[in-house]
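**Student:** Put together the whole structure using the sequences plus the hints.
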Amino acid sequence: MPAEMLRNLCGLRNALRTLLADAARRGGCARLCLGRAGVLSRLVEEPEALGKVAREALNLMHFDKVDKAIAAGDASLLANLGDEACVHGCYRCLLSYFNQPDHELIRRGSAEAKQMLIDLARGQVIMAAAPVREGEAAEWEAAFKAAGIPPHDAAAVSFAEQEMAFAWRSHYFAARTTPVSDAAREAAEVKGWMLIELPGIAADGVAATMVSIFGE
Numbered sequence: 594m595p596a597e598m599l600r601n602l603c604g605l606r607n608a609l610r611t612l613l614a615d616a617a618r619r620g621g622c623a624r625l626c627l628g629r630a631g632v633l634s635r636l637v638e639e640p641e642a643l644g645k646v647a648r649e650a651l652n653l654m655h656f657d658k659v660d661k662a663i664a665a666g667d668a669s670l671l672a673n674l675g676d677e678a679c680v681h682g683c684y685r686c687l688l689s690y691f692n693q694p695d696h697e698l699i700r701r702g703s704a705e706a707k708q709m710l711i712d713l714a715r716g717q718v719i720m721a722a723a724p725v726r727e728g729e730a731a732e733w734e735a736a737f738k739a740a741g742i743p744p745h746d747a748a749a750v751s752f753a754e755q756e757m758a759f760a761w762r763s764h765y766f767a768a769r770t771t772p773v774s775d776a777a778r779e780a781a782e783v784k785g786w787m788l789i790e791l792p793g794i795a796a797d798g799v800a801a802t803m804v805s806i807f808g809e
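So that you can map any letter, position 155 of the sequence shown is 748 in the numbering used here, and since no number is skipped, the others follow by simple counting.
Hints are computed from structural coordinates only; laboratory data are not their basis.
Don't take every hint at face value.
Said to hold, decoys possible - 30 Å max Cα-Cα, derived BS3-like pairs, lysine-lysine:
#	residue 1	residue 2
1	Lys645	Lys658
2	Lys707	Lys645
3	Lys645	Lys661
4	Lys707	Lys658
5	Lys738	Lys707
6	Lys738	Lys784
**Tutor:** Structure below.
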């Protein structure tokens with residue numbers, strides 16, 4: 594992929610992330626939030642919530658015929674609102690203080706961006722059942738719980754082609770029961786991750802270093 598195209602996609606991705614968050618607050622999800630429930634938890638728990646946020650995002654981007662485009666699943670049916678002066682993006686839609694470095698790359702009319710939002714508006718969030726762990730993995734999960742460590746992610750993470758069976762992406766931390774290679778450590782450090790090797794058996798307990806990380 595050419596470097597310029599990659600930069601454009603990264604800028605647009607950042608802008609859309611900001612826009613979706615704004616849409617969640619201003620429209621689709623803000624109206625769904627009750628009491629002290631967080632926006633992100635509602636997006637996960639309610640199948641239709643993300644679709645409503647994507648619909649609100651399209652409205653914030655000054656598009657007309659949003660309902661028609663969503664029903665057909667075709668972003669090409671979207672039309673610009675006639676009374677809007679926004680061309681590539683403005684501070685009422687995609688632009689924000691936080692994405693200023695990307696302003697030159699942002700294009701509201703991007704076909705890929707519009708179709709992505711149409712697809713999100715038509716979709717539903719379906720919670721996948723957590724895999725049943727057995728044997729050594731189950732023993733380590735019990736050890737983590739006993740040490741007050743939150744559940745790890747369902748999916749493993751890999752660095753330098755070495756898989757880390759236990760990963761906590763929210764903490765940029767991962768562990769495995771066999772030695773961690775130098776190449777994996779270096780690859781992880783570049784991305785801000787910390788990797789550790791767990792003791793031989795779960796009965797030996799969780800290292801104090803690991804407990805302190807999650808206790809911070």
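**Student:** For each hint, tell me whether it holds in the structure or not.
**Tutor:** Okay, the hints, checked on the actual structure:
1. With a C-alpha separation of about 15 Å, the suggested pair Lys645 and Lys658 falls inside the 30 Å cut-off, and the hint holds.
2. About 15 Å separates the Cα atoms of Lys707 and Lys645, which keeps this hinted pair within 30 Å; it holds.
3. Using a Cα cut-off of 30 Å, the hinted pair Lys645 and Lys661 holds, with the two alpha carbons roughly 15 Å apart.
4. Under the criterion of a C-alpha separation no larger than 30 Å, the hint pairing Lys707 with Lys658 is consistent with the structure, at around 13 Å.
5. As the CA atoms of Lys738 and Lys707 are separated by approximately 43 Å, the hinted pair breaks the 30 Å bound.
6. With a C-alpha separation of about 27 Å, the suggested pairing of Lys738 with Lys784 holds against the 30 Å cut-off.
Consistency with the previously given hints fails for number 5 only.
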